[in-house]
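Visitor: Sequence:
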Amino acid sequence: MDLDTFRWLLTDAGQELLGQATEAPRDELKAQAQLRQVAPGSEEERAARVAAAIGQVTLRRKAAAKFGDDAAGMYFTTDGLEQATRATVAAHRAARLAAASAGSVIDLGCGIGGDLLAFARAGITSAGIDVDPVRVEVARANLAALGLPGAVSVADATTVDTTPFDAAYVDPARRTGRGRTFSIDDWNPPWTYVEQLMHRDTCVKAAPGFPHTRIPEGVEAEWVSDSGEVKEAVLWSGRLATTRRRATVIGHGGLATITDEDDPGGSARDVGEFLYEPDGAVIRAGLVTAVAAGVKGGLVDDHIAYVTSDEAFRTPFARGFRVIETLPYREKALRAALRERNIGSLTIKKRGVGVVPDDLRKRLTLTGDEAGTIVLTRARGHGIALLVEPF
Numbered sequence: 003m004d005l006d007t008f009r010w011l012l013t014d015a016g017q018e019l020l021g022q023a024t025e026a027p028r029d030e031l032k033a034q035a036q037l038r039q040v041a042p043g044s045e046e047e048r049a050a051r052v053a054a055a056i057g058q059v060t061l062r063r064k065a066a067a068k069f070g071d072d073a074a075g076m077y078f079t080t081d082g083l084e085q086a087t088r089a090t091v092a093a094h095r096a097a098r099l100a101a102a103s104a105g106s107v108i109d110l111g112c113g114i115g116g117d118l119l120a121f122a123r124a125g126i127t128s129a130g131i132d133v134d135p136v137r138v139e140v141a142r143a144n145l146a147a148l149g150l151p152g153a154v155s156v157a158d159a160t161t162v163d164t165t166p167f168d169a170a171y172v173d174p175a176r177r178t179g180r181g182r183t184f185s186i187d188d189w190n191p192p193w194t195y196v197e198q199l200m201h202r203d204t205c206v207k208a209a210p211g212f213p214h215t216r217i218p219e220g221v222e223a224e225w226v227s228d229s230g231e232v233k234e235a236v237l238w239s240g241r242l243a244t245t246r247r248r249a250t251v252i253g254h255g256g257l258a259t260i261t262d263e264d265d266p267g268g269s270a271r272d273v274g275e276f277l278y279e280p281d282g283a284v285i286r287a288g289l290v291t292a293v294a295a296g297v298k299g300g301l302v303d304d305h306i307a308y309v310t311s312d313e314a315f316r317t318p319f320a321r322g323f324r325v326i327e328t329l330p331y332r333e334k335a336l337r338a339a340l341r342e343r344n345i346g347s348l349t350i351k352k353r354g355v356g357v358v359p360d361d362l363r364k365r366l367t368l369t370g371d372e373a374g375t376i377v378l379t380r381a382r383g384h385g386i387a388l389l390v391e392p393f
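At position 350 of the sequence shown (counting the first as 1) the number is 352 in the working numbering, and the numbers step up by one without a gap.
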């Protein structure tokens, strides 16, 4: 979608076509044929305008998972939607900035404006810049569509003076000509620029796999999960940094956070009556022993992210299971034990062992009437199979 076509989409005629695209058949070829009958302009213009309208409708449907009801009135590009922060996660970030009394923030690479929306809703004066004119126009349109304040412009982040703002926020592009990259050294703007930026109050969005060894001194690293899925790592510098490592878990019941200050350390112990599977953000943050302390337990193995306890706790940082019994770990004996218990539908959870659950499930050839869950892992260095049930 080129800039002129998107700007046309914001006109009265463009909005009318967009409305018709919303009601058009889901089949794209049928929708294109129908809309080209009513779209204004030359044949070339009609083709571009219809494609843009259908594209927006498709992206809005996909965006509902990230933006909820707001998605129906927002605008997107394919890459912009993929890179945009989920609204719940962006709201948490904005709330942290507001709690730190950051009255203004500059978004250095604002994309389609997902974080700008959250900043504005948190009452923070915000400005966004991006090198792509289309993304800038989309971000501006999204602010307008939701009635939120904010300024956006085309610029290169590395040339912008951030000093007039209380805080800076940057979400470096993690793509090259070869596709998505997991190397920090391929970031754009580059890691060298980001490191310099963190000499001031800055928030940096990174991939969940950000290595602990690359966290600069004095910088807080926070891993954030939403509905059980780790979404991002975030680096907080300057006065925004309040600890060294943090795990934040967002769910239907709200938000909970745990830090290295809650972590007394710990070691492996015998498997107790209860097993806990820590949230991915907790694991990424290296705070599994903090969860173990919270449930008055310990690790199943010093190198495995399972926690065991003799007590039942409800915790936002882990999923809890009651240990029904220990089963044989060898496959033949395990099959016999599961058949004896009439288990046919089997959920296999594993950690720290070389097992492919789907392959094992096929080899077990269970035909019983009951459902069951087993955990295959290591306990103090030895393989173990546990029959468990969620609580």
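Mixed in with the good hints, there may be bad ones.
To be verified - Listed next, the in silico DSS-like pairs over lysine-lysine satisfying Cα-Cα at most 30 Å (straight line):
#1 Lys351 x Lys364
#2 Lys298 x Lys364
#3 Lys364 x Lys334
#4 Lys298 x Lys334
#5 Lys364 x Lys352
#6 Lys351 x Lys334
#7 Lys298 x Lys352
#8 Lys334 x Lys352
These are computed hints drawn from the structure, not numbers from a lab.
Visitor: Hint compliance check: list the failing hint numbers for this structure, sorted ascending.
Guide: Numbers 2 and 4, in rising order.
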